[in-house]
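Participant: So the chains spell out like this:
Number of protein chains: 6
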Amino acid sequence: MRPSGRTTGQIRPVTITRQFTAHAEGSVLIEFGETKVICTASVEEGVPRFLKGEGKGWITAEYGMLPRSTHTRMRREASAGKQSGRTQEISRLIARALRAAVDLKALGENTITIDCDVIQADGGTRTASITGACVALVDALNYMRAKDIIQTNPLKHMIAAISVGIYKGEPVADLDYPEDSAAETDMNVVMTDTGKLIEVQGTAEEEPFSFDEMQQMMTMAKHAINELFDAQKAALN
Amino acid sequence: MRPSGRTTGQIRPVTITRQFTAHAEGSVLIEFGETKVICTASVEEGVPRFLKGEGKGWITAEYGMLPRSTHTRMRREASAGKQSGRTQEISRLIARALRAAVDLKALGENTITIDCDVIQADGGTRTASITGACVALVDALNYMRAKDIIQTNPLKHMIAAISVGIYKGEPVADLDYPEDSAAETDMNVVMTDTGKLIEVQGTAEEEPFSFDEMQQMMTMAKHAINELFDAQKAALN
Amino acid sequence: MRPSGRTTGQIRPVTITRQFTAHAEGSVLIEFGETKVICTASVEEGVPRFLKGEGKGWITAEYGMLPRSTHTRMRREASAGKQSGRTQEISRLIARALRAAVDLKALGENTITIDCDVIQADGGTRTASITGACVALVDALNYMRAKDIIQTNPLKHMIAAISVGIYKGEPVADLDYPEDSAAETDMNVVMTDTGKLIEVQGTAEEEPFSFDEMQQMMTMAKHAINELFDAQKAALN
Amino acid sequence: MRPSGRTTGQIRPVTITRQFTAHAEGSVLIEFGETKVICTASVEEGVPRFLKGEGKGWITAEYGMLPRSTHTRMRREASAGKQSGRTQEISRLIARALRAAVDLKALGENTITIDCDVIQADGGTRTASITGACVALVDALNYMRAKDIIQTNPLKHMIAAISVGIYKGEPVADLDYPEDSAAETDMNVVMTDTGKLIEVQGTAEEEPFSFDEMQQMMTMAKHAINELFDAQKAALN
Amino acid sequence: MRPSGRTTGQIRPVTITRQFTAHAEGSVLIEFGETKVICTASVEEGVPRFLKGEGKGWITAEYGMLPRSTHTRMRREASAGKQSGRTQEISRLIARALRAAVDLKALGENTITIDCDVIQADGGTRTASITGACVALVDALNYMRAKDIIQTNPLKHMIAAISVGIYKGEPVADLDYPEDSAAETDMNVVMTDTGKLIEVQGTAEEEPFSFDEMQQMMTMAKHAINELFDAQKAALN
Amino acid sequence: MRPSGRTTGQIRPVTITRQFTAHAEGSVLIEFGETKVICTASVEEGVPRFLKGEGKGWITAEYGMLPRSTHTRMRREASAGKQSGRTQEISRLIARALRAAVDLKALGENTITIDCDVIQADGGTRTASITGACVALVDALNYMRAKDIIQTNPLKHMIAAISVGIYKGEPVADLDYPEDSAAETDMNVVMTDTGKLIEVQGTAEEEPFSFDEMQQMMTMAKHAINELFDAQKAALN
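Residue numbers (UniProt numbering), protein chains in the order written: chain Y, 1 to 237; chain Z, 1 to 237; chain C, 1 to 237; chain R, 1 to 237; chain P, 1 to 237; chain V, 1 to 237.
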C-alpha cells in the first residue's frame, strides 16, 4: 500500500555518520532513507542575556534547508531576508526537545547551538534533525567533559523523534515525501529512551482524526522510536 | 490546589460577545476568565496566488498581542520590524484549525482573514483565539450567504480549543497564567463538535510525560471543549 | 449639512473608561463616537541611552491600528515588517504632546510608554489617542506616587486634542470618517487646559486655506477642546 | 539678539541654482545661508497602482541627509536598513505640499518624483527643500510641455516654505541650527504665492505658546515667504 | 615553507563528486583539500523581468556558508535577516563568471540558478565554488538538451578558478586557511580552458604588491587552473 | 574612436575641491569629467568592537548614489530598506584601499569613516571615490594632528584609482558611461604613489581577455594614475 513498499510500521533505513565535518564539537550526518540532514553542535562560553548569572546553561537550535534540497528550488531564506514561519517553528521544536534532554544546571554557563541543515529532503526532516542532533549533542558534551568545561554529564536521557500519520486511512510510520504530501493526518512524536514523551504534535491535514486513531499512531511511534534509539546507540559505540 | 480555586477539570467562565466592532464581517470578543481576545473575520474577494484558478477559497490568520496585554510591556512587533517565532507559530495554528472546519471548495475564490488580537492575557490566548475565531467565522459565512457571495454553507463543523496540562503532578484544564508558567506539561487540543481531533500539541516544559498522563489530559480536554461548544452555540442563538 | 446631523462646532459624544485592561499602570478606553482607542501607560525604570545620567525621565508613544479597525482590512504592520510613515508620524506626535504636559525632571529616571491601539476607526484617531492617553498618564503618575517612585506630581497641565477642518466650505469640529475623507482642509490642535497651544497641524487636502479660515478653525478648536477637558475631569473624579 | 545678528524677521541669504546636476528633468541647489539642499524632479511615465486608470498624475517625494551633512556624522539610513520617522515625516510633507501646487488631472498619467538631499545642514532643511523643489518642479513641467508629454501647464501657483519660532521669547523667522535647537516653539509654514496656506505645523518644544504668539508667527511667516517667492521668480527668469 | 608542506605552486587534492544530491539538475560536491562545497544548478523556465522578451536566458548564483563550516560558528544569515557584503560579493562573482562561460542566446528564455553552499571551509571557498559550479552547470545543460529544452550546447568553454597570493614574501597557489589569513596579498583568478581571463581580483591585505609580483602570481594561477581543468574533465567522463 | 574624442590613454579633466562642505574633518568634491562625488572623512573616537583594546585605529567607508545621479532615477536604497550588492562591494573596496594607505597603529584607537556620495554619475564613480577620499583623508589626518589627537602622520603613501578597459578591441583609460556600458572588459586599478598595487579587479563583461591585454591595461593604468597623483598634490598645496 505504501509507495515505497514498506509495511505500515516500518521505518526507512537510518544511517548516522559522526564527525561528518571537521570544525564542530559535534557533527553528524543523519539519513532517514533519502532525507539527509547535517546536524552540528557548537559549544560557546556564556549564555543569552536573560539567563546571565543564573548558573545554568542553554541550548538553542536553528534549522535550514539548502535551496535545492527539495524537488523544486526554494528561495534562499538569507536572501529573502527572513525565515519562514515553518523554519522558525521547527527551530523552536528542535531546541525545546534537546533542552528537555539535558540538565541545564550541569551545563554551567555555556551555550550549545544546534544547527540542522537539510541537504536533501524526502519527508521527516524535523524528526531526522532531532534524532541526529541528539547524537551531535552527546559528542559536544563529551568534548566539554574532555576539556574540563563541565565535570558531570548533563545528559538526562537520549531523545529521538519520528513522524507517524494516517495515509489512505491507515496509520503509518516515518512518512516519506509522497506519503507526507497526501496524508490525512500528520503527527510528530519526540520521546525519551526512558519511554516518556517530550513533544506530540498531531495535525489533521484533510480529515479530523479520532481519539482511537491517535492511540494507534502513538503506539506505532513508540515502536519506531525504539529502533531509532538502537541506531543512535550503535553510532555512539 | 489550583491558584484560582478551580477543580482540576473546571474551565474559567467563558463570555462571547458578537459584533464587538463595527466594520468586520465577523467580530467577536471572547473572554476565558481574564484572557480577552478580539477575533475578527474579514471577507475579501480573490485568493492568494498559489490557489488562483483552482476554484476554491482560503482562510488565513494573524495573531497579535497588544504591547501591554501582559504583566510587563512587550515590545511592539510592528516597531521591532518582525513577528516572533511564537506569534507566527500561533498564527499558523489558528489558520490551520479554521481551514479544517470549512469546505474550501464551497467558499468559492474568496479569502477570509482571521485576526486575533489579545487585549489582555492570562494564559490560554491561543485556545481562546481559536474558539472565538470560529464564532466570527460563522458570522462572516452568514454575511457571505446573505450577500449571495456563496450559495451553500461551507462550515463542516464547529471547532473549539482548550489547553490542558500537568500542574503540580495533576492534570488540569484551561490553565491560567500562574499555572501555565509553572506547569510541567502543556497541551493544546483543537476538536470538532463531532468529537474528532484537529490538532494536538503537547510539550514537556520541565518533565517528560507518560503515555498515561497524555491519555488523562486528552480525556479532560474532551470534556472541557464540550463546554466551549455550548458557549459558542449560546452566543450564536 | 454634516452627514451626522451635528452642528458645525459640535463634537461627538465622548466616553472615557478607566482601568479598561488589568495590567497597565494606566489603561483607558476612549470613544469619540464610533472611534475607539485603547490607551495604556506603562511605567518602566530607566531611560533611553541618550538621557542616561541626566536625572530626568522620558515619555514615548506608539500608535497602532488593529487590521480590521477600518472599513476594509489593512495589512498588519507587524507582518509587513515595518510601520507606515503615517503610523510613525502619529506616534511621534502623541509622544511630543504628552512630554509637553510633564516636568520630565520631576519624573526621575523613569520612562512612561504610551500605547494607543485603535480598535475601531471613524476619523479623529490621533486626537482621541492624545486625549485618552493623557488620562492614562495621570493614572500612571498616581501609581508612581502611591508606590513612592516619585515624590511630587510631574503633571504641569492636562492636554487634549481635537480635529477641525473645512468641510463643504464651512469650518467644522471633530470630523468623522465621511467628513475627514472629503474635507478641503484638516487641522489637528493640541491644547493645554491653561489655554495654550502644544501643537497645531493644518493641511490643505484639496484647496489652500486662508489666514481667516485658519483663525476660525482655531477658535472652534478651542471651544471643542474645552469640552474634552470636562470629559477628562469627569472621568478622573 | 539672534546668534547670527539678524533682525527678528530677517531671513538668511537665499541662493537658487538651476540645472545643478545634468540628468534630472529639474535639478536645483537651494541654499538658505549654510543650509544646502539638492532638489531634483524626475519625470516617469505611469502612476502608482492605486491611481491606475483614473486619468490623473502623481507627485511623490523623498528626503535624505548625507551622513556628514550634520555636525556629527549620522548613521546612513540605507545602511541602517530603514528611514527614521523624521525622514518619512518630512518626505510626506514635501510631497503633500507639492501636490497642492499642481492640477494632477492636467499632469496626465505621469509621476514626478522629488528628491531632496541635504548636503549641508544648518536648520530649516525641510522648508528649503520645499522652496527649492518647487523650482525643480517648474523645470520638470516645462520639460514635459517641451516634449509634448502634457499640453497645458498643471501648475496652479508657486509654493514656498519658511520656519518661524519663538526664540528667547521673541518670534523670529528662518531659524538656523543654533536657534532651532534652543527655540521654545518651532513652526513650519507652507504658502502659495496667492497668499493662501498649504500647511502649518507648529510645535511647542519647551513651553506651550499662546494664540497671540501663533498670530505673530503667522504674520512673520507671510512676509518671509514673500521674499522666497521673489527669489524663486528671479531664478526662473 | 607552507604550513601544509606543499611546494609554492602545488594545489591541494581536488575531488569532484557528481550527482551528490538527488533533486537538482546538476549537483556536485567539490573538495579542495579540506574545503568542501555543494554546488547545485537548478533549471527554471522563464527569465527575470529585465530580460523578458529578449530571447535569451540568464544565470544567477547564490553563495552561502553553513554556520559551523568555520572554526567558530558564524551567525546564520537567514536568521540575521541579511546577507553580508562578502556573501553578496561572492554570489555576484560566481554568477558573472558562469555567465561568461555560456552563450545566453542559446539558452533560450530559461534561468539557471547556481547555489554554492560551503559545508566545510579551509580557504579558497569562492574558487572551489566556481570550479565545482561549472561542472554542475554542464550537467544541467546536458539535462536541458536531453529534455529538448534547448537544441544546441550553450557552453562556450569550461571555466575554473584558483586563488594565488604572496605568503611570507613568496607567490603560492591555492591558499588554505592558515595561509589565507596571513597572506600579504590575495588574488583570485578565473580562466577559460582556452587560456583567457574572465576575472582577476587582487588585493593587498598588508603590503602593496609590485607589478612584478602580479606577473608571477598570474603565471602560477595559469598552471594551477590547468590542473583544475583536468580534474573537471576527469569528473565529466 | 572614443565617443568623447579622447585618445586611448587620455583621462578626463580632474577637479578636486577641498572643504566642499562645512562640518566634516575632510570634505572633497572630486570631478572626473561629468562624474561628481562628494567624499567626506569623519573622525570619531573609539573603534569597532572587534578592535577594542588592540591599540590601533580603523577606517571604514560607505558609498551611495543620489537617486537621480543617473540617467534614469534609481530607487533610493534607504527607502528600499537595503543596500544593493554593488553598493556594498564598492564600499568594501574603498575602505580596503584606504586602510592600505594608513598605518593603523599610528592612528590610535580612532575611527575614520569615509562617505562617498555620487551626485552625478558618468562612469568611474568608484575610482573617483577612492581618489577623492584619499584627499579627504589627508585633511582629516591633518585635523587630528592639529588637535593633538595623533602625534605622527599615519599616512604611508597617497593612493589613487583609475578604470581601464577594452573598448572596441582597444585598451582605453578612464571610461565614461557610454564606453563603460559597451566595454568588453573593465578593470579597476588602485595604486600607491610609490608605484605599487593595492587592488586590481578585472572583469570580462562580454569576451574573455588575454594575458597580453591585461598587461597593456595595467601599463595604461599606471600612467593614468600618475596624473591623478599630480592632481591630488596640486589640490593639497
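Because the hints were derived from the structure by calculation, they are not lab data. Incorrect hints may have been included.
Lysine to aspartate or glutamate pairs mimicking EDC-like chemistry, simulated, CA-CA at most 20 angstroms apart [claimed, not checked]: (1) V:Lys-156 with P:Glu-184; (2) C:Lys-56 with R:Asp-103; (3) C:Lys-56 with R:Glu-206.
Participant: For each hint, tell me whether it holds in the structure or not.
Facilitator: Cross-check of the supplied hints:
1. V:Lys-156 with P:Glu-184: 16 angstroms, holds
2. C:Lys-56 with R:Asp-103: 49 angstroms, violated
3. C:Lys-56 with R:Glu-206: Roughly 15 angstroms between the alpha carbons, so the hint for Lys-56 (chain C) and Glu-206 (chain R) holds.
In this structure, the one hint that does not hold is number 2.
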